[in-house]
Amino acid sequence: MPRDVLKKLGYNEDEINKIVGSYAMRRMKSDTIKMNFERNFNYLKSLGYTNEEVIRITTALPAIYVYSVENMNKKIDEFKEMGYSQQEVVKMIKTSPQLFGASKENIKKKIEEMEGLGLSYRDIIKMGKKLPAIFGYGVESVRQKIEGIEKLGYTREEVIKMIKISPSILSHSMESIKQKLEDIEELGYTREEVIKITKEKSSMFGLSIESIKNKMNGLIELGFDEEDVIEITKSFPTMFGLSKETIKQKVEDVEKLGYSREESIKMIKVLPPILGLSIENMKQKVQFFNSLGLHSLVAEKPRVLMQSIQVSYARYQFYKDKGISIDRKNFSRLFMGQKPFEKQYKVSKNDLLDKYKYQEHIGEIDTYKLAQETMEEQKDTSYMYETEAEFENQKEEPEKLVNEDDQIGDE
Amino acid sequence: MEKILKDLGISDSTINQMVEICPNIVELDESELLRKIEILKNNKCDDIQIRNIISSNAEYLDRSVSDIDNLINTMEELGFDNLNLLFDGNPYILNLDDFEVKNYIDEREQNGEELEDIVDDMSSNPYIFEEI
Numbered sequence: 002m003p004r005d006v007l008k009k010l011g012y013n014e015d016e017i018n019k020i021v022g023s024y025a026m027r028r029m030k031s032d033t034i035k036m037n038f039e040r041n042f043n044y045l046k047s048l049g050y051t052n053e054e055v056i057r058i059t060t061a062l063p064a065i066y067v068y069s070v071e072n073m074n075k076k077i078d079e080f081k082e083m084g085y086s087q088q089e090v091v092k093m094i095k096t097s098p099q100l101f102g103a104s105k106e107n108i109k110k111k112i113e114e115m116e117g118l119g120l121s122y123r124d125i126i127k128m129g130k131k132l133p134a135i136f137g138y139g140v141e142s143v144r145q146k147i148e149g150i151e152k153l154g155y156t157r158e159e160v161i162k163m164i165k166i167s168p169s170i171l172s173h174s175m176e177s178i179k180q181k182l183e184d185i186e187e188l189g190y191t192r193e194e195v196i197k198i199t200k201e202k203s204s205m206f207g208l209s210i211e212s213i214k215n216k217m218n219g220l221i222e223l224g225f226d227e228e229d230v231i232e233i234t235k236s237f238p239t240m241f242g243l244s245k246e247t248i249k250q251k252v253e254d255v256e257k258l259g260y261s262r263e264e265s266i267k268m269i270k271v272l273p274p275i276l277g278l279s280i281e282n283m284k285q286k287v288q289f290f291n292s293l294g295l296h297s298l299v300a301e302k303p304r305v306l307m308q309s310i311q312v313s314y315a316r317y318q319f320y321k322d323k324g325i326s327i328d329r330k331n332f333s334r335l336f337m338g339q340k341p342f343e344k345q346y347k348v349s350k351n352d353l354l355d356k357y358k359y360q361e362h363i364g365e366i367d368t369y370k371l372a373q374e375t376m377e378e379q380k381d382t383s384y385m386y387e388t389e390a391e392f393e394n395q396k397e398e399p400e401k402l403v404n405e406d407d408q409i410g411d412e
Numbered sequence: 036m037e038k039i040l041k042d043l044g045i046s047d048s049t050i051n052q053m054v055e056i057c058p059n060i061v062e063l064d065e066s067e068l069l070r071k072i073e074i075l076k077n078n079k080c081d082d083i084q085i086r087n088i089i090s091s092n093a094e095y096l097d098r099s100v101s102d103i104d105n106l107i108n109t110m111e112e113l114g115f116d117n118l119n120l121l122f123d124g125n126p127y128i129l130n131l132d133d134f135e136v137k138n139y140i141d142e143r144e145q146n147g148e149e150l151e152d153i154v155d156d157m158s159s160n161p162y163i164f165e166e167i
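Taken in sequence, the protein lines are chains A and B.
Numbering (our numbering) for the first sequence: 2 to 412.
Numbering (our numbering) for the second sequence: 36 to 167.
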């Protein structure tokens, strides 16, 4: 009996009923069915699926037991021809077994229709990896979903970008999308802010409101107030992708760089993307400023972390060669706009970077030594004031320079 | 994938945080990851910059190559140079689409600013991209 074969393979009664009672099975002879069960079960296992996965896949699509091995190989090859790897096909079928039953022509047609919505072939293939069920969606319903989301306050381009990054948005009903926006709004954001946040972090549609609240509470527990949390998440919605533990870890990472909890919190308030910067990235930059004796500057003006160290280093060395020592009073020279810098010193950015290569120097100069040198130089304050005065006299665009300086200072 | 990231100098705990922010990167095949690294190299990013960018912005790895190419081409057409420095300063720029940068600049131009000045302002202060 075919039922016995399935039972032996590990199917339960419900699963057996579903398979044996399916339309595809009803047309087959008992002996052929029995043979197919064992052969196709083993074939699927040879693709890398576990017994449980094979049972789940075949229960969702009993017609698999009608296919010949050649047929199944052909199906997989067709997906590979579309641009997927064997591993990706295996995973896609696991998530969406119906794909095994879809014809090549149907999928091709669906892709062509979706291209008409503003998605490229490659986009659709990539979306298929994240949401294999997309090939089962009607193009008209995808179009309606896109238009529906657009009406909520996004531009068409923004919606396309969102669904490319998070195709699972297409699996949510319009009601649940609207509800999610309203729920986020209730946490203290304006509708405009919710649009900006979800546009940047489209995977938020997949987060429960409890999970969003939980992440916000994580920041409050670390010492931020509710207003801070709104501002931080508005500026850096990626934060919603972090767990409470990681958010805590990020703050502790900043502390490990030599800043107090209070300073770390202030830094994140001023520059929320710090929550995303890796410790490797921050450490290198902070060590550089430490070497200049400007450790506390990072705490006060964390935006200095957003200038590539290559530029900061080249400018520092440039000033040093000109006899100008960089300290707390004139650090903003490191962050001057490129245009006024070039106008004032007649040095292009490329020439500067070619002359003072951070990569080369980092191997040669010990940052500790650099710090010692700087501190030694900064002792000579009268010299420093002279160079300050000289610098002031050299300014060709005083107003512009003041503005540039203010940009780093204006936080 | 993990080996390539480690070879870039990214620690285990940072890799875990990257996966948390962008779970899709677990599925990323090596060739795609290498391609994303290649894009950065083609834009003159050195090893440290590549490490900084990827370790701080895992979402970059999940973007489509054509979207990244479009963004870079558009930025170059608008007059941005030394993109390696810009991406190192603000790795999140790489999550933008070309139209977003264009729209932001258009808006500022409509307010009377010159394109050259806007590009210089954004290049000198990469955090401005956060306004987009």
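Hints are computed from structural coordinates only; laboratory data are not their basis.
Mixed in with the good hints there might be a few duds.
[Said to hold, decoys possible] As a list, the in silico DSSO-like pairs of lysine-lysine whose alpha-carbon atoms are at most 30 Å apart:
id : chain 1 : residue 1 : chain 2 : residue 2
1  : A       : K302      : A       : K344
2  : A       : K321      : B       : K38
3  : A       : K344      : B       : K137
4  : A       : K321      : A       : K284
5  : A       : K152      : A       : K110
6  : B       : K137      : A       : K302
7  : B       : K79       : A       : K350
8  : A       : K179      : B       : K79
9  : A       : K270      : B       : K38
10 : A       : K81       : B       : K38
11 : A       : K245      : B       : K41
12 : A       : K347      : B       : K76
13 : B       : K76       : A       : K356
14 : B       : K41       : A       : K344
15 : A       : K152      : A       : K105
Predicted model, so just to flag it, every value in this text is computed and none were measured.
Open item on the list: Against the 30 Å threshold, does the CA-CA distance of K347 of chain A and K76 of chain B hold or violate the hint?
Closed with: 29 Å, holds
Open item on the list: Against the 30 Å threshold, does the CA-CA distance of K344 of chain A and K137 of chain B hold or violate the hint?
Closed with: Distance of about 27 Å is within 30 Å: holds.
Open item on the list: Check the hint pairing K245 of chain A with K41 of chain B against an upper bound of 30 Å on the C-alpha distance.
Closed with: Distance of about 25 Å is within 30 Å: holds.
- [ ] Sort out whether K105 of chain A lies within 30 Å of K152 of chain A, counting only the CA atoms.
- [x] Answer violated: K152 of chain A to K105 of chain A is near 34 Å, above 30 Å.
Open item on the list: With the threshold set at 30 Å, check whether the alpha-carbon distance from K79 of chain B to K350 of chain A stays at or below it.
Closed with: 14 Å, holds
Task: 30 Å limit on alpha-carbon distance, applied to hinted pair K302 of chain A and K344 of chain A - done: 26 Å, holds
TODO: Verify the proposed pairing of K81 of chain A with K38 of chain B, using a straight-line Cα cut of 30 Å.
DONE: The given pair, whose Cα atoms are some 26 Å apart, holds under the 30 Å limit.
Open item on the list: What's the verdict on K137 of chain B and K302 of chain A, does the C-alpha distance respect the 30 Å limit or exceed it?
Closed with: 29 Å, holds
Task: Given hint K344 of chain A paired with K41 of chain B - CA-CA distance at most 30 Å - done: Judged against 30 Å, a Cα distance of about 42 Å means the pair is violated.
Open item on the list: Need the status of pair K270 of chain A, K38 of chain B: alpha-carbon distance at most 30 Å?
Closed with: Measuring from Cα to Cα gives roughly 34 Å; hence the hint is violated.
TODO: Given the hint that K76 of chain B pairs with K356 of chain A, test it: the Cα-Cα distance must not exceed 30 Å.
DONE: The given pair, whose Cα atoms are some 21 Å apart, holds under the 30 Å limit.
TODO: Please work out if K179 of chain A and K79 of chain B have their alpha carbons no farther apart than 30 Å.
DONE: Violated, because 43 Å separates the two Cα atoms, which is more than 30 Å.
Checked against the numbered hints above, the structure violates hints 2, 8, 9, 14 and 15; every other hint is satisfied.
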